[in-house]
Amino acid sequence: MDFFTSLMSTSVYEGLVYGFVAIGVYFTFRVLSFPDLTVDGSFPLGGAVAAILIINGANPWLATLAALAAGVCAGLGTALLNTKLRINALLAGILMMVALYSINLMIMGRSNIPLLREVTIFDHVAQALGMRADINLSIIVMVVFSAVTLFVLNWFLHSEIGLALRATGDNEQMVRGLGTDTNMTTILGVSISNGLVALSGALVAQNQGFTDVGMGIGMIVMGLASVIIGEGIFRPRKITTILLAVVGGTFAYRLFIGIALRLGLPPTNLKLITAVLVIVALAIPYIRKKIRHEWVPPAVRM
Amino acid sequence: MKRKGLIKILVCICLVLALATPFTIGCGPAMTYEIGISQLLTHPALDATREGIIDGLAEKGYVEGDNLEIDYQNSELDMSLVATIAQQFVSDKVDVIVCIATPNSLAAASAAEGTEIPVVFSAITNPVGEGMVSGWDSHPDQNITGVSDMISVADDVDLIVEIVPGVETIGNIYNAGESNSVFLAEKLIEACDALGIEVVESTVSTSADVLAAAQSLVGRVDVIWVGTDNTVVSGLEALIGVCEDNQIPFFPSDDPSIERGGIACWGFDYYDIGYQTGEMVARMLDGDGTAYDIPVEKGKIIFLSVNVAAAEKMGVTIPQSIIDQAEKVYEE
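Here the protein sequences come in this chain order: P and F. As numbered in my numbering, the first sequence has no gaps in its residue numbers, which increase by one up to the final residue, 326. As numbered in my numbering, the second sequence has no gaps in its residue numbers, which increase by one up to the final residue, 534.
If you are wondering where the hints come from, they were derived from the structure by calculation, not from laboratory data. Please read all numbers here as calculations on a predicted model, not as lab measurements. Watch out, some of these pointers could steer you wrong.
[What the hints assert, rightly or not] Distance ranges between label pairs, derived from CB positions: (1) P/P290 x F/M233: 43 to 51 Å; (2) P/V176 x F/D357: 53 to 61 Å; (3) F/G368 x P/L114: 26 to 34 Å; (4) P/G133 x F/A410: 20 to 28 Å; (5) F/A410 x P/S57: 52 to 60 Å; (6) F/V420 x P/C97: 53 to 61 Å.
[Stated by the list, open to error] Coverage of chain F stretches by chain P, computed from C-beta distances (three or more under 8 Å per stretch; other residues unrestricted): (7) 255-264; (8) 310-316; (9) 460-473.
Each residue gets a CB set at the ideal place from its N, CA and C atoms; glycine is no exception.
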């Protein structure tokens, strides 16, 4: 495999698999305006649940499904802290994230579970298609997973409840005035978000051959960066294109990281590059408007 | 539309970067070997291991920049990068992938599955128990081997009993998120059970917790022992302060921690562990063995180090017979 194809295939795979994290983050931060930091805990939760079930002989598909369910529960916990106990959203997420660190250790029984010689969903698909379990196969699996997920989410966000959920983030007062229970929409949204993140954790663990309790560090940053880059580059308007743009943003983010690694930059500078990337993506819309003399200061906007 | 123009520019930048890179890294003399080193994070012990690997290779005739290219990558604890780096080494078809720490070794083994690229790990305490390799001696179905930094906890406990006679309880502080430390904690309980000593555990999740964990042990333990735990060793000064203030003898288990203010240990230098790993990699490059048939090694050079001044501050005296055995004696 030559340099370019290997870089592209790795980035495509990572864009798709971490795209779930980005969509989860998009759901909370953008759709619900609920800054949810549970993500750093629910990502390894998905890996932990899938791994412990797989090493105990469970079917990997069921294990992956169980991971998704565990993530939904984690999100439910955060949302209940916020809606029922009136704990600030940011704090509720942090509390859940901290609690999940211990819970993940409890589930796993140790800090790291290797899955090297276990049968994963990737092995199942490889066997069914008669392929080798390499990066191309991972991409095929992830394309199918993403397509199904995006289709379902797109349908959901256009349904009545989905529209109410989107409206909750825009104007909670109004939605409540129209007789919709905003607590319910918040609970639903945060649960779905963390379910997606945990699903990503389960898939990543099976593909990379291990689960580690520290696997979630920086996930929220990566998810946010991907959302912002996706919005910055593609400037989507409709919900369907937004979902695609978020996955595209994740791809772009991983591609830039891949290029940075390839350029032989000192590895310690990588975090700085991440920060610069996000700053650039955030600044592009403003600079573009400035150049076109379309910028209106917030104070004079109607 | 202007938006399309911007996308085009971005795509062009990507292409130029992507195409330019192979020319900068692809040049070199014929018969050059390339190895990839994947390190989990910047940490004194892991950095020393890496230096040891490079020197061990050089000693065997594989000199970086001469007949050896080293692609060094550090994931800085970002687990998503661990897999990216492993995948990159595999698609670059490096001759050997060398991994310092557990998660990146697992990721490399997974990525290299089905290829002929051997994976060599370094500074992993318990590769067999963690399920990375199936056995210490032979693992003919796995293209992975390496050097373990297994310490003998029982020897450390014997040392504690010699220096602090009549010890009844030993405190152990570790990060339950580090698989090496969990393993060592079990070993400590095993060794202490045999001597009728009780173990009191206190766990931390970041180096900022070390102070509180140390204080929680005051009055409950006679001595504190700490394994090769990266998190606790990062916050060692806080622990040493508590031990000095409360006259609790403190026994870490690596030589640099003795220099920083621990009393005594049987340990090794991570540089030596790395050096041994470098020699192992050189054997593979020589064609003298593969990862399938080279057994997993334990650190060969183990020595005693003592810190006389630290012992005094913590209210104990190291017997002269032990000081005489020590290879490294710190007086300050």
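These are the hints, each one checked on the structure:
1. P/P290 x F/M233: 43 to 51 Å: The hinted range 43 to 51 Å is violated for P/P290 and F/M233, with Cβ atoms some 28 Å apart.
2. P/V176 x F/D357: 53 to 61 Å: Since P/V176 and F/D357 have Cβ atoms about 59 Å apart, the given range 53 to 61 Å holds.
3. F/G368 x P/L114: 26 to 34 Å: 52 Å, violated
4. P/G133 x F/A410: 20 to 28 Å: 25 Å, holds
5. F/A410 x P/S57: 52 to 60 Å: The hint (52 to 60 Å, Cβ to Cβ) is violated, given that F/A410 and P/S57 are roughly 32 Å apart.
6. F/V420 x P/C97: 53 to 61 Å: At 39 Å between Cβs, range violated.
7. 255-264: violated (count 0)
8. 310-316: With 5 residues close enough to chain P, the hint holds.
9. 460-473: violated (count 0)
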